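Q: Sequence:
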Amino acid sequence: MEKLRLLDLSFNELSRLDGIQFPVLPHLRKLFLTDNQISYINNYAFINLYLLESLRLSGNNLKLVQPDLFTNNSQLVDLELHGNPWECDCRLKELVHWVKFKSLLQ
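Residue numbers (my numbering): 1 to 106.
Hints are supplied without guarantee of correctness; some may be wrong.
[Said to hold, decoys possible] Keeping only pairs whose Cα atoms sit at most 30 Å apart, straight-line, the calculated DSBU-like set for lysine-lysine is:
1. Lys-30 x Lys-102
2. Lys-102 x Lys-63
3. Lys-30 x Lys-93
4. Lys-63 x Lys-100
5. Lys-100 x Lys-30
6. Lys-63 x Lys-30
7. Lys-3 x Lys-102
8. Lys-3 x Lys-30
9. Lys-93 x Lys-63
[What the hints assert, rightly or not] Quick list of the computed label-pair ranges, beta carbon to beta carbon:
10. Pro-85 x Glu-2: 30 to 38 Å
11. Glu-2 x Lys-93: 37 to 45 Å
12. Thr-71 x Arg-16: 13 to 21 Å
13. Asn-12 x Pro-85: 13 to 21 Å
14. His-27 x Lys-102: 20 to 28 Å
15. Leu-64 x Glu-2: 30 to 38 Å
16. Glu-87 x Pro-26: 34 to 42 Å
17. Lys-3 x Asn-61: 27 to 35 Å
18. Glu-2 x Gly-83: 30 to 38 Å
19. Leu-14 x Val-99: 18 to 26 Å
20. Val-99 x Tyr-50: 19 to 27 Å
21. His-97 x His-27: 25 to 33 Å
22. Lys-93 x Lys-3: 37 to 45 Å
23. Pro-85 x His-27: 30 to 38 Å
Rather than coming from a laboratory, the hints here were simulated on the basis of the structure. These numbers were taken from a predicted model, which means no experiment stands behind them. No residue lacks a Cβ here, since even glycine has one placed at the ideal position from N, Cα and C.
Put together the whole structure using the sequences plus the hints.
A: Dropping the structure here:
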């Protein structure tokens, strides 16, 4: 798994990403988690994915995601978040500002 570049876990009925979910995958560039039932992602879920460029979280049950979630993912250039039942309140404002700053949203 050390040379893994793409990991597609779409359509797996995942509901939560608690704690550190992924081991150090030094070559992972793309992670697809679309069309699951993810409603919660811990801020440390992606901390070991340093070279992650593309993250797809569309079609889940996310209502809120903290921008701190992506702190260690400085290479991230492609982020898909559509198809989630976002709670459009002040808590989401920080994520919206971060996404606009990074120009990531697809």
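Q: Does each hint fit the structure? Answer for all of them.
A: Each hint tested on the structure:
no.: 1; hint: Lys-30 x Lys-102; verdict: 18 Å, holds
no.: 2; hint: Lys-102 x Lys-63; verdict: 20 Å, holds
no.: 3; hint: Lys-30 x Lys-93; verdict: 26 Å, holds
no.: 4; hint: Lys-63 x Lys-100; verdict: 18 Å, holds
no.: 5; hint: Lys-100 x Lys-30; verdict: 21 Å, holds
no.: 6; hint: Lys-63 x Lys-30; verdict: 23 Å, holds
no.: 7; hint: Lys-3 x Lys-102; verdict: 27 Å, holds
no.: 8; hint: Lys-3 x Lys-30; verdict: 12 Å, holds
no.: 9; hint: Lys-93 x Lys-63; verdict: 12 Å, holds
no.: 10; hint: Pro-85 x Glu-2: 30 to 38 Å; verdict: 37 Å, holds
no.: 11; hint: Glu-2 x Lys-93: 37 to 45 Å; verdict: 39 Å, holds
no.: 12; hint: Thr-71 x Arg-16: 13 to 21 Å; verdict: 20 Å, holds
no.: 13; hint: Asn-12 x Pro-85: 13 to 21 Å; verdict: 19 Å, holds
no.: 14; hint: His-27 x Lys-102: 20 to 28 Å; verdict: 22 Å, holds
no.: 15; hint: Leu-64 x Glu-2: 30 to 38 Å; verdict: 34 Å, holds
no.: 16; hint: Glu-87 x Pro-26: 34 to 42 Å; verdict: 35 Å, holds
no.: 17; hint: Lys-3 x Asn-61: 27 to 35 Å; verdict: 32 Å, holds
no.: 18; hint: Glu-2 x Gly-83: 30 to 38 Å; verdict: 32 Å, holds
no.: 19; hint: Leu-14 x Val-99: 18 to 26 Å; verdict: 22 Å, holds
no.: 20; hint: Val-99 x Tyr-50: 19 to 27 Å; verdict: 20 Å, holds
no.: 21; hint: His-97 x His-27: 25 to 33 Å; verdict: 31 Å, holds
no.: 22; hint: Lys-93 x Lys-3: 37 to 45 Å; verdict: 39 Å, holds
no.: 23; hint: Pro-85 x His-27: 30 to 38 Å; verdict: 34 Å, holds
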